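Colleague: One-letter residues, chain by chain:
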Amino acid sequence: MSAPAFGLGLGGCDASGNWLELYYPQPMREAPPEVWRALEELFGYRGQSLTAVATDELEEFSEVLRTVGLSEQAALAGQLYHAESECVLSVLDGDSPPVDVPQAYLMLHLLSHRLVRPHEFNLDGLFGVLPTVAWTNMGAVAVGELAALQLRARLDGSLLRVYSIDKFPRMCDYVAPSGVRIADSARVRLGAWIGEGTTVMHEGFINFNAGAEGPNMVEGRISAGVVVGAYSDLGGGSSTMGTLSGGNETLISVGRNCLIGANAGIGISLGDRCTVEAGLYLTAGSVVSMSGHPGFKKEWLKARELSGQDDLLFRRNSRSGAIECQPNTLPIRLNEALHSNN
Amino acid sequence: MSAPAFGLGLGGCDASGNWLELYYPQPMREAPPEVWRALEELFGYRGQSLTAVATDELEEFSEVLRTVGLSEQAALAGQLYHAESECVLSVLDGDSPPVDVPQAYLMLHLLSHRLVRPHEFNLDGLFGVLPTVAWTNMGAVAVGELAALQLRARLDGSLLRVYSIDKFPRMCDYVAPSGVRIADSARVRLGAWIGEGTTVMHEGFINFNAGAEGPNMVEGRISAGVVVGAYSDLGGGSSTMGTLSGGNETLISVGRNCLIGANAGIGISLGDRCTVEAGLYLTAGSVVSMSGHPGFKKEWLKARELSGQDDLLFRRNSRSGAIECQPNTLPIRLNEALHSNN
Amino acid sequence: MSAPAFGLGLGGCDASGNWLELYYPQPMREAPPEVWRALEELFGYRGQSLTAVATDELEEFSEVLRTVGLSEQAALAGQLYHAESECVLSVLDGDSPPVDVPQAYLMLHLLSHRLVRPHEFNLDGLFGVLPTVAWTNMGAVAVGELAALQLRARLDGSLLRVYSIDKFPRMCDYVAPSGVRIADSARVRLGAWIGEGTTVMHEGFINFNAGAEGPNMVEGRISAGVVVGAYSDLGGGSSTMGTLSGGNETLISVGRNCLIGANAGIGISLGDRCTVEAGLYLTAGSVVSMSGHPGFKKEWLKARELSGQDDLLFRRNSRSGAIECQPNTLPIRLNEALHSNN
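Protein chains in written order, with our numbering: chain A, -3 to 338; chain B, -3 to 338; chain C, -3 to 338.
Don't take each hint at face value.
Since the list gives no way to pick one copy over another, a pair counts as held whenever it fits inside one copy or between any two copies.
The calculated lysine to any residue pairs, modelled on SDA-like cross-linking and capped at a C-alpha distance of 25 Å, are [what the hints assert, rightly or not]:
#, residue 1, residue 2
1, 293, 307
2, 298, 89
3, 298, 288
4, 298, 327
5, 293, 333
6, 294, 313
7, 298, 56
8, 298, 287
9, 294, 316
Keep in mind the hints are simulated off the structure, nothing from the lab.
Since this is a predicted model, take the numbers as computed values, not measurements.
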């Protein structure tokens, strides 16, 4: 990115003052020059990661933001100035991977606010930067402090509920993108990128740095790094093979107007208007019969040779058991009623 | 329905006073004539949707209910009379689709209270009537009001947790049918119809206007409109093809004493005592070998020609790869211990 | 077990005083002789199940624990002595199945604290002992008391949220084992046994008396009784066939360095370094071609004859549709970054 991205926010710490999580209500992708200058003058920004912010500078910063017409950012700075908890100002400058928790959370916010697309950020080392956190009804808790807090709550007659122990929080607790339905917020990590008109059903899942352009129906799993094009439908329980675990090494994607049937899966990229029959898992190494497709001369191809091509229909012949590829004459159409009323 | 259904309840609104959700503790399928008359006399009911209720009339209505022997309804009317929030009285009369949020929620409640079976209601236009709501630890929130509330909570040192952004709430927050276990309430929408003795495991899912007669083991997904007969078992991750998305157009059902194996799926209806082998997805267009079934003369049939028939076993021959249909000699039996102690 | 296991804790009851659930912060697998003697002298322990504990004896018991060097147990006894709710002391002695709720919960705690491995306990009759509980934001609620409480909350302007109606609570609300990530706590029951370095992703699931030795990647379902060896990876939506429902009768397990691909499944045990291709469900009755494996002379074997054997790769030939077994030359390696930073 040419101009620095920045975010004003607040967050939670462990007992030693280490950041556990950060919340940036209105992260900004590209700060104008005046803001950049203010970052340097007020906060001494020289490319490092800023975090704790003295409140006096925050008031001045709010003035700068108002002057350059960023009234919502100015209002936020004003609200944070009056907040009781410690405030954060984090800046991203250049193409470096995140160096600390505030930067990592700013990147995840920018993705979920749709200000940055998957793969625009260099997320190398993210798992090492992000702490594992217990996400509870009493907020973010350091894993090492959990047991004592759990006992304390019980002795006091209350209850510490733990929703998740993970490096990533649930996106909806931080960002709720417009025009999106998410039936179970536990299934979408902060850092997911979800376009307008998309419905993520109960069986859907979207990892960080991955997403769906929208509108989409997502009842399957979008693995880290995978991007799905507009008007595509991932059927219930369907799988897109990721690269973080399981041995797959090539990042895949799904084009527009594709249907991956229920319980199906792909280990190759799909172009536009492709369909994979319900229940069929097409791995990169699957050998596919092309005899029903006039556009191909070879009788058999490895699925990876078809990666990214348009207008293909994949199914398993239920007589011969062979996986076949044919021209896709009836690509999917989304149900208007499910996506127009989000 | 011949007599009107009605429900007394209360609910949540957005900042402009539009209903977001309604809670009817004891909806009633058929009101006796005296109640119907009272609806007309006290509330001026003439077929329209009633909602806001003046408290004086509510007290009189409670008297009428007591007089005709509906003591629980009378008690509820009395409690609502003393409630602080606005009360609702909603009536359903005839076979019309829902015209507003109170009617839509009354229908969903009647289904989950098992007073109305799936498909009895005309639910045309339901997605247009139901607002998309953010379901949070602070109650139902209008999606447009979410971001401000989230920031406000953080500034106050608390936390707005968002469980779901959806048109349907979780059934268990409104209705908990007797004799039912639901391992993860996030997986059952209000409007699901679940019979006594049913266990919905963590991987199970039941949509609105769909359900299981009970007793059943549900570790798979029951799509909108799909009904499963008694003593059937949907294995982990199994799929019943729905009609709302993915291109399928024929509503399917599952009979009694069926087993759909883990990760299997069906695009056709099953009669009674059918089994689909684990991992096999039987679409309507699958061509099935009948050579092992003495009751059929043809060698190959499309699966849709077998839709709804009893005593069939479907499996994929692991030598030839062909899908085969045979007589089902060992239909499923549920584990008594799992269902008798609900 | 030779010496008795015991746990000090507290819990919730229904309106009649029946236990709904118990929380033991520090259960102990083997109490030293002095503690056993104190159990007999102070609490009259003679092999029965102890539950309610008079506070005076608890103070004395704390002294005994301190004397024998169990300072953490002593501190806990002291804290419980000052707690407002009723305290519990439960003892397990010998190989008997649980006779009451406190014993059953103590067993589940010992499993999740990794003090007892799956199958060490006799859990016969567990489903009959455990009450079905509504797990809510207001704590454990008896199912029969739920509707009244739900209405009461609404009338008071608050909200009773029901997370689950089940015999088992979520493990993380009771035990959070070290070095483990669990992306959605709804997917792991108390009684799961999860080794250090294990990640349970959103689609993962672990039942009671089952688990993963660690480190492991769990994106599939570990059924009751199933144990997975170290360094194995269960792909997204993969299935391990259980014995509680669905008709399977033989308990299975997974060895070390195995990969069960996404949406795959097994009905047989795997030895070490086995791989099952994504999307392939290998049932015990599957007939498998051995022609590609030099170590076997027969051309076809039933999968159950290969149960528990090492170094096997299972895939479905995408030309012939036949399930084939070959030597596994490239067993899985876990992604170091995902498991070293838990």
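Colleague: How would you label the pair residue 298, residue 327 (within, between, both, or neither) given a Cα cut-off of 25 Å?
Modeller: both (23 Å within a copy, 22 Å between copies)
Colleague: Tell me, please, which holds for residue 293 and residue 307 at an alpha-carbon limit of 25 Å: within, between, both or neither?
Modeller: within (16 Å within a copy, 38 Å between copies)
Colleague: For residue 298 vs residue 56, is the C-alpha pair at or below 25 Å within one copy, between two copies, both, or neither?
Modeller: neither (62 Å within a copy, 73 Å between copies)
Colleague: Between residue 298 and residue 89, at a C-alpha cutoff of 25 Å, which is it: within one copy, between copies, both, or neither?
Modeller: Neither. Shortest intra-copy (42 Å) and inter-copy (60 Å) distances fail the 25 Å Cα cut-off.
Colleague: With identical chains treated as interchangeable, where does the CA-CA distance between residue 293 and residue 333 reach 25 Å or less: within a copy, between copies, both, or neither?
Modeller: neither (42 Å within a copy, 43 Å between copies)
Colleague: Could you figure out if residue 294 and residue 313 sit no more than 25 Å apart (CA to CA) within one copy, between two copies, both or neither?
Modeller: This pair counts as both: shortest intra-copy Cα distance 18 Å, inter-copy 18 Å.
Colleague: Quick one: residue 298 to residue 288, C-alpha cut-off 25 Å, is that within a copy, between copies, both, or neither?
Modeller: Answer is both: 15 Å inside a copy and 20 Å across each meet the 25 Å cutoff.
Colleague: Is it within a copy, between copies, both, or neither that the alpha carbon of residue 294 lies no farther than 25 Å from that of residue 316?
Modeller: Result: close both inside a copy and across copies, 19 Å intra and 17 Å inter.
Colleague: How do residue 298 and residue 287 come out at 25 Å by Cα distance, when the copy is not named: within, between, both, or neither?
Modeller: both (13 Å within a copy, 22 Å between copies)
Going through the hint list in order, the structure does not satisfy hints 2, 5 and 7.
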